[in-house]
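Please work from the sequences and hints to get the whole structure.
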Amino acid sequence: MKTNIFFLASVLLALISCTSASSTGKFLECQSKQFKNYSSISNNVYTPINSSYSSILETSIQNLRFFPSDSTSKPQVIITPKHESQIPPIIYCAKRTNIQIRTRSGGHDFEGLSYVSQVPFVIIDLINFSEIKVNAEEKTAWVGPGATIGSLYYRIFEKSPVLGFPGGNCPTIGLGGHFSGGGVGLMLRKYGLAADNVVDARIVDVSGRILDRKSMGEDLFWAIRGGGGASFGVITAWKVQLVDVPETVTVFRISKMLEQNATQLVHRWQHVAPNLDKDLLIAVDASRQNSTIEVWFSSMFLGGIDRLLLIMKNSFPELGLVREDCTEMSWIQSVVYIAARFPIETSPRVLLSRSNPFKGYFKAKLDYVQEPIPVSGIEGVWRHLVELEAGQARVEMVPYGGRMAEICDSAIPFPHRAGNLYEVIQMVTWDEKQNEDSGKYISFSRKLEGYLTPYVSKNPREAYLNARDLDLGVNNVRGKTSYEQASVWGKRYFKDNFDRLVRVKTVVDLENFFRNEQSIPSVSLALRLDCVSVT
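Here the sequence shown is numbered in the numbering used here, starting from 10 and rising by one per residue.
Simulated from the structure, these hints should not be mistaken for laboratory data. Heads up, some of the hints might be wrong.
[What the hints assert, rightly or not] Restraint-style ranges between C-beta atoms, simulated for each label pair:
1. R105 / E415: 42 to 50 Å
2. K91 / K322: 53 to 61 Å
3. N137 / G459: 50 to 58 Å
For clarity, every value in this text was computed on a predicted model and none was experimentally measured. Glycine residues also receive a C-beta, built at the ideal position from the N, C-alpha and C atoms.
Dropping the structure here:
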């Protein structure tokens, strides 16, 4: 009996291999015919027989948990186009040969969906779309999706010391995924999300048309700013509105152990942080240190020390902030120190590096807290962190309020606005030697998720696309996915905005060509569902 099973498995693997090889050959043949000058792209086409294939694939894999371990999870082809005009033929040939497309900008997808698939696929790697053009007079910038958030910050700094952008903290994040998922950063209480500050974009749609905001229409432009651009096409450029920052900002990082009243301070922080001046954000980062918990309170204040001390004295005196805890610096230096967590003397040029020093194995989950967690609940979180014998678990909390509470929850697909005190992200990490026990760490993450259930948002339990979690639910890998099935995860990311996203998807990509395990599905127009009508 076992012999028969092994024989059938071998036959199945052989069939899959042959099918993949056949589809790859047809795709490449199609490419050679579609390009008027195939030599212009041929040097940027990589298959497993190319010596550079593995290095190109591996360079932007940020979560090593999804490092491809067998041929069935690797792309048949990787293409690194250099020009917008090279993308329509790729889409055309993928459609003709029934190969999926995965688009990768920085490779930071928490579940690896930009470089892993269970079906034959091609990666369009946008690393060559990294140009950044800053117009300091207009306070705008055109940026490529393959550029990193760190490089955007640095190029803005080159043009002006009093302009910035409210993007994320990790400098190696690719702008393509960051903007299209929302983009949370240290200035969100002042200026909202990165996606709130996108004013134009260019996209190649399923028909190969190259569209800007005017030609794509406001519905599609709305959808790609927080609804996940990979569901709708290949985004080739973004135009963003830059924001004013003062010449001097103030930062502090204060560590508190449990023995130093850390639990009570976190409890108090929940009441204070979402209601502080918009110029001030104080984040919390808690992790195990030996048999106890260390909590870091990290802050960037858009102003000087004197004003910060006054605000803290009136609003959060319990933290005990004093002048010696604070350092004044430029905004760009604060990004290096607080956001990227480099030493304070580090040159801002480090932001240009695409090398991620935090690359590793991890599982993460994100929730939204709408009522302060009681002291007993916080103590329970600490117990979970201490229980993990190997690996490293941490809990990070980022306060909302301010500008986030003023923006309508349907302004873009990201709906988590007024009513949310803060987001809490729990992450467990491990190293290569511990990867054999990866299931244990993933189970720990799910256990902590279960513990947090009484304390976080409900109906739905809200989640954030850029902290993607396939535990929430997935689409069918093959065949159609119903609205009801996709709603299981879609409503958690987008709440009622999911309905409008489905409607936009149906209009621009009825056959659901651009798809993955958590892409927006299209529905039959004949159904004319009231719940997915465009508002």
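Cross-check of the supplied hints:
{"no.": "1", "hint": "R105 / E415: 42 to 50 Å", "result": "holds, 47 Å"}
{"no.": "2", "hint": "K91 / K322: 53 to 61 Å", "result": "holds, 55 Å"}
{"no.": "3", "hint": "N137 / G459: 50 to 58 Å", "result": "violated, 43 Å"}
This entry does not satisfy hint 3, going by the numbered hints stated previously; all others are met.
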